[in-house]
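Chains as they are written, first to last, in my numbering: chain A, 1 to 135; chain B, 1 to 439.
Hint data in this document are derived by calculation from the structure and do not stem from the laboratory. Warning: the hint list may mix true and false statements.
Stated by the list, open to error - Derived EDC-like pairs (lysine to aspartate or glutamate); straight-line CA-CA distance at most 20 Å:
hint, chain 1, residue 1, chain 2, residue 2
1, A, K58, B, E356
2, A, K58, A, E115
3, B, K35, B, D372
4, A, K58, B, E362
5, B, K15, B, E33
6, B, K22, B, E392
Unchecked claim - Computed Cβ-Cβ distance ranges for the label pairs, DEER-style:
hint, chain 1, residue 1, chain 2, residue 2, range
7, A, T73, B, E41, 37 to 47 Å
8, B, E271, A, R8, 22 to 32 Å
9, B, Q359, A, T73, 26 to 36 Å
10, B, L409, A, A7, 42 to 52 Å
11, A, D15, B, R258, 31 to 41 Å
12, B, R258, A, R111, 21 to 31 Å
13, A, T73, B, H56, 48 to 58 Å
Claimed, not checked - Quick partial rundown of chain B residues pointing at chain A, CB under 10 Å, derived from the structure:
hint, residue
14, A278
15, D348
16, L351
17, Q359
Every residue, glycine too, gets a C-beta built ideally from N, C-alpha and C.
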Amino acid sequence: MSFPVRARDFLAGGDGAARIRQVLQQVGFPPAIIRRVAIAAYEAEMNIVIHSEGGELKAQITPGVITITARDTGPGIPDIDLAMQEGYSTAPREIQEMGFGAGMGLPNIRRCADELEIKSAPGQGTTVNIIIYNR
Amino acid sequence: MGYFHSVHLEEDKCKGCTNCIKHCPTEAIRVREGKARIIQERCIDCGECIRICPNHAKIAVGDDLTALAAYSYRIALPAPAIISQFAGQADLEHILGALVAVGFDAVYEVALAAEIVARAIRRYLDDYRGKRPLISPACPAVVGLIQVRFPSLVEQILPLATPVDVAARLAREEAMEATGLPSQAIGTFFISPCPAKITAARQPQGGLPGPDRVIPLAAIYGDIRQRLATAVPYPSRAGAAGYGWGHSGGENASIGGRRLLEVDGIHHVIEVFTRIEAGDFEDIEYIEAQACPGGCVGGALMVHNPYLARLELRQLARGLPPRPANLPEAGASLVAAPVQPRPSLQLDTDLATAIEKMQRLEATQAMLPGLDCGSCGSPSCRALAEDIVREEAQDTDCVFVLRDRVRVLAEEVVELARKLPPSMAQPERRNRDETPGNS
Ligand code: SF4
Ligand code: SF4
Chain A
1 MSFPVRARDF LAGGDGAARI RQVLQQVGFP PAIIRRVAIA AYEAEMNIVI
51 HSEGGELKAQ ITPGVITITA RDTGPGIPDI DLAMQEGYST APREIQEMGF
101 GAGMGLPNIR RCADELEIKS APGQGTTVNI IIYNR
Chain B
1 MGYFHSVHLE EDKCKGCTNC IKHCPTEAIR VREGKARIIQ ERCIDCGECI
51 RICPNHAKIA VGDDLTALAA YSYRIALPAP AIISQFAGQA DLEHILGALV
101 AVGFDAVYEV ALAAEIVARA IRRYLDDYRG KRPLISPACP AVVGLIQVRF
151 PSLVEQILPL ATPVDVAARL AREEAMEATG LPSQAIGTFF ISPCPAKITA
201 ARQPQGGLPG PDRVIPLAAI YGDIRQRLAT AVPYPSRAGA AGYGWGHSGG
251 ENASIGGRRL LEVDGIHHVI EVFTRIEAGD FEDIEYIEAQ ACPGGCVGGA
301 LMVHNPYLAR LELRQLARGL PPRPANLPEA GASLVAAPVQ PRPSLQLDTD
351 LATAIEKMQR LEATQAMLPG LDCGSCGSPS CRALAEDIVR EEAQDTDCVF
401 VLRDRVRVLA EEVVELARKL PPSMAQPERR NRDETPGNS
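In isolation and in its complexed conformation, chain B is listed as follows:
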């Protein structure tokens, strides 16, 4: 499959410890031959495995500052949450200024685009009469989760572009007008809190344009920090509501009113989506679902503690105007392509075959010990049963099944060892309570 993923494994660092396999929300990791392998079709780039790996063997592949050289006019698009990483150390305009100091020509705050999107969501919800609740498209890991694990919910994803894409499109338009440069001379660089947004930009839904490049925050954190003190202030155009998108609940707050639900942390998101699939939550209009604890401030590529980052972001937002005075009209830049399911969990494309495999799966699972120990390299006994049915593993991969087999074999060996060649064999002794006699 030609699907690009940001999350990769650095083989030489991986010890095959199996810590990651249990935390992956789509059961996309197996440990085989002592190394973790990611099943590409299932990975949603949530970064849970990056967070959990004690050996730092899981990495996110993105761009770095050398990519700036490919364009003559470079625009930084900082995610709202990025500001939280410096918020205790400088004010907003100095942080934006530090971005210019590391080599960008301009800054377009994704927070500004977030407010444009919030206005569009308000209008959309006013007229919406379809199936409820609608789900925010802003977190690409959540969108991936829906594609892979909750395919029936794709139609409930709000069909509007994300703040990142809107920012990239508007920034380009503005820059072309301001500089007179052709489109290909202008580069838009999203500064990302997470691998999911790197993947989303490289794998744009339906080929609609987003940012040209994505730089993980961790990759330029040091460069920005160094320049905070000396940076020339760069004017901010966004307000507190837009920066609120950086933490959980901020998106809903910027939409305002209504029955809006927020949920953060991928395992909590799974709980809520399971209920929605069962037909619950229909009285909720909109769900802001974010894969990371606390929202994007808790992104897997962020440097600071998420709770502290949220505090800093809120405090910085207090000094900003609630909303910008005049919000640009976005028009066509709000267009999003429909999200398609990525059903990779199905056992077979043919129903009858799939049912037959399911029966074998259930039977195989019943043979396994049910301890979910992970020693086999699969995340649970059920997942191993599934791997066996898919012919990607064997029942003897389970240490308990293997031990049992060895025991049976050992007993057979002992049994065989007792047997002597006929030339040496004694006549078998009769059972004691059997009365001797003729038969």
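Next up, chain A with everything else stripped away, as it sits in the complex:
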């Protein structure tokens, strides 16, 4: 499953994560797993909306593992360790004023994920790989 994500589209932002949640529910994963996947996918999707020039959200589902991949083009993350700190945000002020980009995105994803891999370089865009085990 793959969903395109547009930059700055706050109205559609979250739709991909919502669809993933729906699919997992219909498949019958345990609610606790669904919750974690949904939160991680939502944050990853919103990161694309807020920080990038657009990208896509992907989900790969097997009985044992759910993999969420969020890939975007854009400025990338210069210092990943810094971005992982709670409350650290590079979101422009007008977006923070809308209640987004509070610097909780990546820390939230880390809390939900069993494995988290972030590939990014300035100007090269970002790929976030989230793995959640069903056990």
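Fit chain B with the ligands to the supplied structure of chain A, relying on the hints for placement.
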């Protein structure tokens, strides 16, 4: 499945128009062979289909006044919203009196039980430290929605009995004491604004007792109305707060204080629950969620316009004391059985099989036109894809897929028609720009 549903289809009235399928919040209706069919496991008896059906083919099955004959002492339990249907025409005590005039021996106002429940909710919220927000159990259509579509939220349903059940239990206790009759001689009759409450009473959670019978308001509206003018007043014991439960926001108002949210209309409820499942709304303590527009005054079995009904109810409540002077202690009658999920939307009980079906579902959906026209009898292209994967429908049920197939077939037919038997066939003409020569 032996699940009782109040909502039924009257086949001979149904024209198969597909108006209902799109409005059902759990996608429980399909039109097959020209008739609407309700998938029993999914129906939550919200009554949306009753409201929308232009042919009045969807009905709610309940009791009527003939059921009174089965008991020697009969107690009416009018839902708070019921009063709104007569509020412009008589005062509260005359409306209650009219209930006696149609054949009941006593009236126990559900509004009184509502105030008892409100007090219990206040106490419960004071001590509650678990997952937020808690969700009101009062609207059975909402509880059904959670069971079917939001199974992970069942644990957030407030574990207290509903005002209807509390009223039925207390009314019985009081009547046994007052009359000395045995329990089985006493009948409690809830007068319902909606099919969901008929189903809830017939399908009590965990076998705990509720009302014995349920009469839809529409079934006795005329009988009550006729007697309004001549009725002997019957004393009311409830207050304005209890009657407020009849419309949206009234339950929260009777609980008071705190961060309480109210939402009404089933599609709005779905929006809010989707957010709660995603982890939002955690700063809200309690949600009063009602399936009908405006709350129970907008129930599917009510007669009057919901907005006017709300106005009348509020105006009548203005003349009542805010709360009753002494509220009975309810004790054991507040016990509720835990709500279990009714997961009927899952594709398969086995995860691997379900994932495989989901892949087929996604692929099938991609082949469909995405117009959600409903001509196939399923509420949306995705629902048709689901029905196909469940082997309850075929891709040619889609008029567009069918047309495409017919076109391909027609082209083949034309192609075949051009072919002649070898005895008559001319040698095929060569392509013009192909240079003639040996090969
Ligand atoms: S009562 Fe509600 S859930 Fe049941 S079929 Fe009608 S619309 Fe669907
Ligand atoms: S809001 Fe009231 S009338 Fe409507 S379904 Fe719920 S309980 Fe019944």
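Each hint tested on the structure:
Of the supplied pair hints, the one linking A:K58 and B:E356 holds, its CA atoms being roughly 17 Å apart against a limit of 20 Å. Proximity of A:K58 to A:E115 is assessed by CA-CA distance (about 16 Å); at most 20 Å being required, the pair is judged to hold. Under the criterion of a C-alpha separation no larger than 20 Å, the hint pairing B:K35 with B:D372 is consistent with the structure, at around 19 Å. Taken as a hint, the A:K58 and B:E362 pair is honoured in the structure, with Cα atoms around 14 Å apart against an allowance of 20 Å.
With a CA separation close to 10 Å, the supplied pair B:K15 and B:E33 stays within the 20 Å bound. Proximity of B:K22 to B:E392 is assessed by CA-CA distance (about 18 Å); at most 20 Å being required, the pair is judged to hold. Judged by the Cβ atoms, the range 37 to 47 Å given for A:T73 and B:E41 holds: they are separated by roughly 46 Å. For the hinted restraint 22 to 32 Å between B:E271 and A:R8, the CB-CB distance of approximately 23 Å keeps it satisfied.
A hinted range of 26 to 36 Å holds for the C-beta pair B:Q359 and A:T73, which are about 28 Å apart. A hinted range of 42 to 52 Å for the beta carbons of B:L409 and A:A7 is consistent with their spacing of about 46 Å. A:D15 and B:R258 have their C-beta atoms about 33 Å apart, which keeps the hinted 31 to 41 Å range intact. At roughly 29 Å, the beta-carbon separation of B:R258 and A:R111 lies within the given 21 to 31 Å, and the hint holds.
For the pair A:T73 and B:H56, the beta carbons lie near 56 Å from each other, so the given range of 48 to 58 Å is met. Look at B:A278: its Cβ gets to within about 6 Å of chain A, closer than 10 Å, so that hint holds up. Using the Cβ-Cβ criterion of 10 Å, the hint placing B:D348 at the interface with chain A is satisfied: the shortest such distance is roughly 7 Å. The interface hint given for B:L351 holds, since its Cβ lies 4 Å from the closest Cβ of chain A, which is under the 10 Å cut-off.
For the restraint placing B:Q359 at the interface with chain A, the shortest Cβ-Cβ distance is roughly 9 Å, inside the 10 Å limit, so the hint holds.
In terms of the numbered hints stated before, the structure departs from none.
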